[in-house]
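The chain contents come next:
Protein chains: 2
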Amino acid sequence: MSTKERKQREFAEREERFLAAAEACIREEGFLNLQMARIARLCDYATGTLYQHFSSKEDLLLALANRGNEAHVELFRQVQRWTAGSTRDRMFAIAVGDFDFAQRNPEHTKLLQYVHTRAVWESASPQRREQALTCTGPVGEIVTGIVREALEAGELEARGLSPMELACGPWSVCEGMQALSQVQGLFEALRIEDPERLRFRQVVNHLNGMGWQPLWDPADQAALEQLVSRIRTEVFTDL
Amino acid sequence: MSTKERKQREFAEREERFLAAAEACIREEGFLNLQMARIARLCDYATGTLYQHFSSKEDLLLALANRGNEAHVELFRQVQRWTAGSTRDRMFAIAVGDFDFAQRNPEHTKLLQYVHTRAVWESASPQRREQALTCTGPVGEIVTGIVREALEAGELEARGLSPMELACGPWSVCEGMQALSQVQGLFEALRIEDPERLRFRQVVNHLNGMGWQPLWDPADQAALEQLVSRIRTEVFTDL
DNA sequence: GGCGAATCGTGAATCAGATTCAAAAATTAA
DNA sequence: TTAATTTTTGAATCTGATTCACGATTCGCC
Numbered sequence: 404m405s406t407k408e409r410k411q412r413e414f415a416e417r418e419e420r421f422l423a424a425a426e427a428c429i430r431e432e433g434f435l436n437l438q439m440a441r442i443a444r445l446c447d448y449a450t451g452t453l454y455q456h457f458s459s460k461e462d463l464l465l466a467l468a469n470r471g472n473e474a475h476v477e478l479f480r481q482v483q484r485w486t487a488g489s490t491r492d493r494m495f496a497i498a499v500g501d502f503d504f505a506q507r508n509p510e511h512t513k514l515l516q517y518v519h520t521r522a523v524w525e526s527a528s529p530q531r532r533e534q535a536l537t538c539t540g541p542v543g544e545i546v547t548g549i550v551r552e553a554l555e556a557g558e559l560e561a562r563g564l565s566p567m568e569l570a571c572g573p574w575s576v577c578e579g580m581q582a583l584s585q586v587q588g589l590f591e592a593l594r595i596e597d598p599e600r601l602r603f604r605q606v607v608n609h610l611n612g613m614g615w616q617p618l619w620d621p622a623d624q625a626a627l628e629q630l631v632s633r634i635r636t637e638v639f640t641d642l
Numbered sequence: 404m405s406t407k408e409r410k411q412r413e414f415a416e417r418e419e420r421f422l423a424a425a426e427a428c429i430r431e432e433g434f435l436n437l438q439m440a441r442i443a444r445l446c447d448y449a450t451g452t453l454y455q456h457f458s459s460k461e462d463l464l465l466a467l468a469n470r471g472n473e474a475h476v477e478l479f480r481q482v483q484r485w486t487a488g489s490t491r492d493r494m495f496a497i498a499v500g501d502f503d504f505a506q507r508n509p510e511h512t513k514l515l516q517y518v519h520t521r522a523v524w525e526s527a528s529p530q531r532r533e534q535a536l537t538c539t540g541p542v543g544e545i546v547t548g549i550v551r552e553a554l555e556a557g558e559l560e561a562r563g564l565s566p567m568e569l570a571c572g573p574w575s576v577c578e579g580m581q582a583l584s585q586v587q588g589l590f591e592a593l594r595i596e597d598p599e600r601l602r603f604r605q606v607v608n609h610l611n612g613m614g615w616q617p618l619w620d621p622a623d624q625a626a627l628e629q630l631v632s633r634i635r636t637e638v639f640t641d642l
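As you go down the protein sequences, you meet chains B and R in turn.
If you're matching positions, the first sequence starts at 404 in this note's numbering and goes up one per residue.
If you're matching positions, the second sequence starts at 404 in this note's numbering and goes up one per residue.
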């Protein structure tokens, strides 16, 4: 059935072109002004054709978020390859990568936040939602891998939590700080001057609270900055 | 100028009526199906009149979120009044209250998440955004109040962070877990069975990591459950 | 009270843009 | 080559937010 396969491939290629066009549109004018018809026109297809790929605009947005996730996962893989760091430093590196990724891809970050909204999430097709969950799989594996290694090395104690549950701690700290910093003006109103430093401090605190060895002195700002810049040069060399 | 005052009062009353009607609509059919015209009609006003109060639908949604914030703040006040608990227990009580509030007001929680989205936030009027920031003020005061008290009592060390920055730690944990649990199906996919227990564990870990005395044994599940239920009966008596 | 000016409320009309679907085109099968 | 099937098309539909010209109301002043 080579013809059927070819069809499938072509279909996938077209979808990719749609997504690339959508991304271009978003770069131009932000994702709030994204128009379905414009995407189709940009690719020389009719609007209706677009709807053979995406059940709705929200569905397309989620697909776009999923697509961008690839680059995100790549960061995590880079951490995975960084065997020079301790398990704790690697977990911390995840947080640094996550932060830098958000900084470098503000539109994608906004989009991600938007599609994770209950309102939007529920308007996407079930298939797309499943795809979204699936494509966070690798992230989960990498992170729990680090946790598992730490458990085996005795650098961390499970205390009744699964590796995934343990990983959720630092994850929610990152996610939470991210969410807060997305609210424009909040940190200013709260008189918080250096959100980046604060975020990393919170992660350090949290890792300490998990008892992840070796514990850090959270007050040692210099050491923290050194670790961050070390991670940025050693792990995320391409950025 | 009593007539001018009366005008203002009537205007405010009308706004309140609009918001109440909007809330009723949302209860009926979720905030995604909220229609401006319907709200106006429910209050026996023309659509245009609604727009004298709210510059756009997003603006109205943010106003609605701000309005609901009142009940949220009330929870925090209850914690403030609970002088029987240690500072640490009080901070923990904030987390419990926050969680329970989200459970009890799912529509409001979804709405809050939605309006905090960069996309929506930026479509609201600057005045409304400011109002939103202002009305989180009391929350900040209560929480930093607890932190300050802990600092004075020597139960917590600042280590170079301001009270607000310290408070951001537990806050972001709550916010992050909240954000993750809003993504329908995520915890199931991650094989996390008891998000509530996990959330409280994360908060305990985090408070430990901040060095907030007295430290807790995070593995002591029974003690944790006891604290949670104690808080629920002693602090949030009305729920 | 009466008058013009200013403000307010109205809701039909406008506008935007997502979504649909009947017809046309292309592809496949016989 | 023709008929059946699938795909594509894009104009038409539909929903619903937003606007604005108009009439009603109130205000300040005489």
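Rather than coming from a laboratory, the hints here were simulated on the basis of the structure.
Treat the hints loosely; a few may be bogus.
Since copy identity is lost for identical chains, a pair holds within one copy or between any two.
Each computed DMTMM-like pair below joins lysine to aspartate or glutamate, with the alpha-carbon atoms no more than 25 Å apart [said to hold, decoys possible]: (1) Lys-460 with Glu-416; (2) Lys-460 with Glu-544; (3) Lys-410 with Asp-503; (4) Lys-513 with Glu-525; (5) Lys-460 with Asp-620; (6) Lys-513 with Glu-408; (7) Lys-513 with Glu-533; (8) Lys-460 with Glu-533.
Which numbered hints fail: The structure breaks hints 2, 3, 5, 6; every other hint is satisfied.
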